[in-house]
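Enquirer: Each chain is listed here by its residues.
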Amino acid sequence: MTGMPPMTLAEKLVARAAGLPSVRPGEVVTAKVDLAMMHDSGGPRRVAPMLERLQAKLWNPDRVVVISDHYVPAVDAESAGILDLTRKWVKAAGVSKFHDMQGICHVVLPERGHLRPGMFVVGGDSHSPTGGAFGAYMFGVGATEMCGVLVTGEIWLRVPETILLHWTGKLGPGVVAKDMILAMCARLGMDGGRYQAIQYAGDTIAGLSMQERMTLSNMAAELGAQAGLIAPDAMTKEYLLGVGVPASDIDLAAWQTDEGAVVTERHDFDAAGLPPMVAAPHSPANSAAVTEHKSVVVDQAYIGACTGAKINDLRMAASVLKGRKVAGGTRLLIAPASARTTAEAAADGTLATLTEAGAILLSSGCGACAGYGAGVLAENETCIASTARNFKGRMGAGSSKVYLGSPYTVAASAVAGRIADPRDFLS
Amino acid sequence: MTAANKTGRVWKFGDNIDTDVLAPGPYMKSPLVDLAKHCLEAVEPRFAKEMKPGDIVVGGRNFGMGSSREQAVMALRELGAGAVVAPSFAGIFYRNALNLGLLALVCPEAGKIRADSVLAVDAARAELRDIETGKTYACEPLPAHLLQMIADGGLLPHLEKKLKVQRSKEAQA
Chain W
2 MTGMPPMTLA
12 EKLVARAAGL
22 PSVRPGEVVT
32 AKVDLAMMHD
42 SGGPRRVAPM
52 LERLQAKLWN
62 PDRVVVISDH
72 YVPAVDAESA
82 GILDLTRKWV
92 KAAGVSKFHD
102 MQGICHVVLP
112 ERGHLRPGMF
122 VVGGDSHSPT
132 GGAFGAYMFG
142 VGATEMCGVL
152 VTGEIWLRVP
162 ETILLHWTGK
172 LGPGVVAKDM
182 ILAMCARLGM
192 DGGRYQAIQY
202 AGDTIAGLSM
212 QERMTLSNMA
222 AELGAQAGLI
232 APDAMTKEYL
242 LGVGVPASDI
252 DLAAWQTDEG
262 AVVTERHDFD
272 AAGLPPMVAA
282 PHSPANSAAV
292 TEHKSVVVDQ
302 AYIGACTGAK
312 INDLRMAASV
322 LKGRKVAGGT
332 RLLIAPASAR
342 TTAEAAADGT
352 LATLTEAGAI
362 LLSSGCGACA
372 GYGAGVLAEN
382 ETCIASTARN
392 FKGRMGAGSS
402 KVYLGSPYTV
412 AASAVAGRIA
422 DPRDFLS
Chain F
2 MTAANKTGRV
12 WKFGDNIDTD
22 VLAPGPYMKS
32 PLVDLAKHCL
42 EAVEPRFAKE
52 MKPGDIVVGG
62 RNFGMGSSRE
72 QAVMALRELG
82 AGAVVAPSFA
92 GIFYRNALNL
102 GLLALVCPEA
112 GKIRADSVLA
122 VDAARAELRD
132 IETGKTYACE
142 PLPAHLLQMI
152 ADGGLLPHLE
162 KKLKVQRSKE
172 AQA
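First to last, the sequence lines map onto chains W and F.
Be aware that the first sequence starts at 2, since it is given in our numbering, and climbs by one per residue.
Be aware that the second sequence starts at 2, since it is given in our numbering, and climbs by one per residue.
Warning: the hint list may mix true and false statements.
[To be verified] Label-pair distances were calculated between CB atoms; the ranges are:
id	chain 1	residue 1	chain 2	residue 2	range
1	W	S97	F	E51	47 to 57 Å
2	F	A125	W	N381	46 to 56 Å
3	F	E51	W	G154	16 to 26 Å
4	W	G243	F	E51	50 to 60 Å
5	W	E260	F	D35	50 to 60 Å
6	W	A375	F	A125	45 to 55 Å
7	F	A116	W	D252	46 to 56 Å
8	W	L253	F	K163	30 to 40 Å
[Claimed, not checked] The calculated lysine-lysine pairs, modelled on PhoX-like cross-linking and capped at a C-alpha distance of 25 Å, are:
id	chain 1	residue 1	chain 2	residue 2
9	W	K402	F	K30
10	F	K162	W	K58
11	F	K170	W	K33
12	W	K393	F	K30
13	F	K170	W	K58
14	F	K50	W	K393
15	F	K38	W	K33
16	W	K89	F	K30
17	W	K33	F	K30
18	F	K165	W	K58
19	W	K393	F	K38
20	F	K165	W	K33
21	W	K92	F	K13
22	F	K162	W	K393
Keep in mind the hints are simulated off the structure, nothing from the lab.
Each residue gets a CB set at the ideal place from its N, CA and C atoms; glycine is no exception.
Based on the sequences and whatever the hints tell you, model everything.
Expert: Following this line, the structure appears as C-alpha cells:
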C-alpha cells in the first residue's frame, strides 16, 4: 500500500464500497451496497407499493435481509396485516434471509452471521449503526431511500469525517457500556456526531465484549452520527466464528485506521472515574451520575430493546436480582432482545433468577421502547429503562417520564422502587 | 419548479425536535391522515389542527433527530408544509425530506425568524424573506440535482424517469 494516503477505518470502508483506491471527507461518492436490512415497520409494507409503482425487482434478493420485530406478535388486525404482508412479500420477492419473530433486527443480524468486517450495509432503521461494532460501515435510511437501494444496489453518501472517541482505563464494578454512551451523549450532545463517522477506540473498548460494543455503536444514533465504528480484533473474530462466519471471510488487518490518518475531532474519556449514569427525561444527553436522581420513584422498570436486552444485559440484571424481589408498587418488565438471547438465558439459569425476583417476561421485539408493543406507560407514570431513547411520549402517554440507565441500574431501581445506585447491590 | 417565492406562515419550534413527536409510535400503524393529526402534538397541540397548506416549519438545531421513519416527513407533507427550515438537521431526516420532495433548508439564522411571521421561500436562491419587514435569511444552497429531485416530487419519481430511460435503451438494443 505504498503511496496511499493514510486513511481512517470509515474512509477505507467507504472507498472499498465506492470502488475507489482512496477517498477524502466531504467528497460525494456512490457506493455499492453489500447488504440491505429491513424490518416489518419500514420494510415491505412501505417499499412494496413503491417497487410496484416502479415495476422494478430487487437488484439482488440474496443481499436483502428482512427481520420482523416491530409489530410482533400481532395484537390487532392492523399489526397482523402488516406481518402477513411482510411474510407474503419476502416469499414473492425471493428473499430467503427472513427472520420472523426471532428478535430485534440489530441483534439478529449479527447473531445469524450476516455481518463481517469490511461490509457496506444499509438498514431501514435509525439504530443501524449497531453493525459498526463488527467493523462494517452500516447506517440507517428511510423507506424511499431503501427502495432506491433495492432497485439499484447503490446509494450516494458524503464521505464522512472521523470523530475519535477514545477511552482508557478500567470500568469500575457496576459500570458498563450503557454508562459510557450516556456519558458521551452528555459531553457531545445529541448532534455532536454531526452525521459523520464515530470511531470508538482505546484500551477500554478493546476490553469490551461484542454485546457491549454493540451498545456503543447502536447509540451512535443518539450522538447524531451516521456510523459508529469499532475496528475488528480477536474478540470480533471469535464472535463471528461462533455464529458460523467462515474464517476466510474475516479480515482484521484490512479494516484498521492507519497511523497518521486524519481524525477531525478527538474526545478522551476516563473509564475508571465513570459512575453509573442515568439520563433524565426527555433526552439521552440529559445524563448525570445516578446519585443525582436517587429520589425518583419509578412505576415501571423496563429491560428491553436492541441496546439493552442482549444476553449480557440480562446477566447484569440477574446479578442484581439474585435473591431479591421487585419492590411493591413497581413492575419490572423484561423483553429479551432475541429468541437466541432467551434460549441462552434459559440455559444458564439467568431467566429463572429474573422471574423468581418477580420480573414479567415479554416477547422479543421493539415493543415498549418505541411505544409499539406491550408495556407502554400511562399519563404521569415514571419508568426507568435500559433502552436508547427517552423522548417525550415515546414509551406511551405524553406526560410519562422515562429515565435511561444500564441494566444494572434498572434492576437495582426495580428492587428499590426508586432510582438506585447498582453499586449498593453488587457485593 | 414553480416553488420559487412560495409564501407561508411560520410555526416555530425549539432544538432537537424528534421523530417521535413528529410521528408518534402509537399511531404508526394508522393511515397517514390519522397519524398526521398527532404530528407535533406533544409540543404544540394546535399545530396539526391549525396548520395551513404552505405554512413553514422553523425548527432549532438537530431538527428530526431519532428514528429513520419517513412518516416524520410524510406527516408534515400531509399537513401541507411548504418547507422545513432549521440551523441543522438530523442526517436521516434530512435525506428523507429531500427524498420525499419536502424542501429542507439549512438556515444558520433560523433562530431569528419570528413565530407567526410570513416568509417567502426562494428555493433556487436558498433565501427566505420576511414579507412584512423585508428582512432576508440566507440558507445553504442545495445542489442543482437535489433541487431537481425535490421539484420532481422526490426520489421515487426521479427513479421512475431513470428506469424509463434505461428501459427504452434496452428495448432499442
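Enquirer: List, from low to high, the hint numbers that the structure doesn't satisfy.
Expert: Hints 3, 15, 17, 21, 22 not satisfied by this model.
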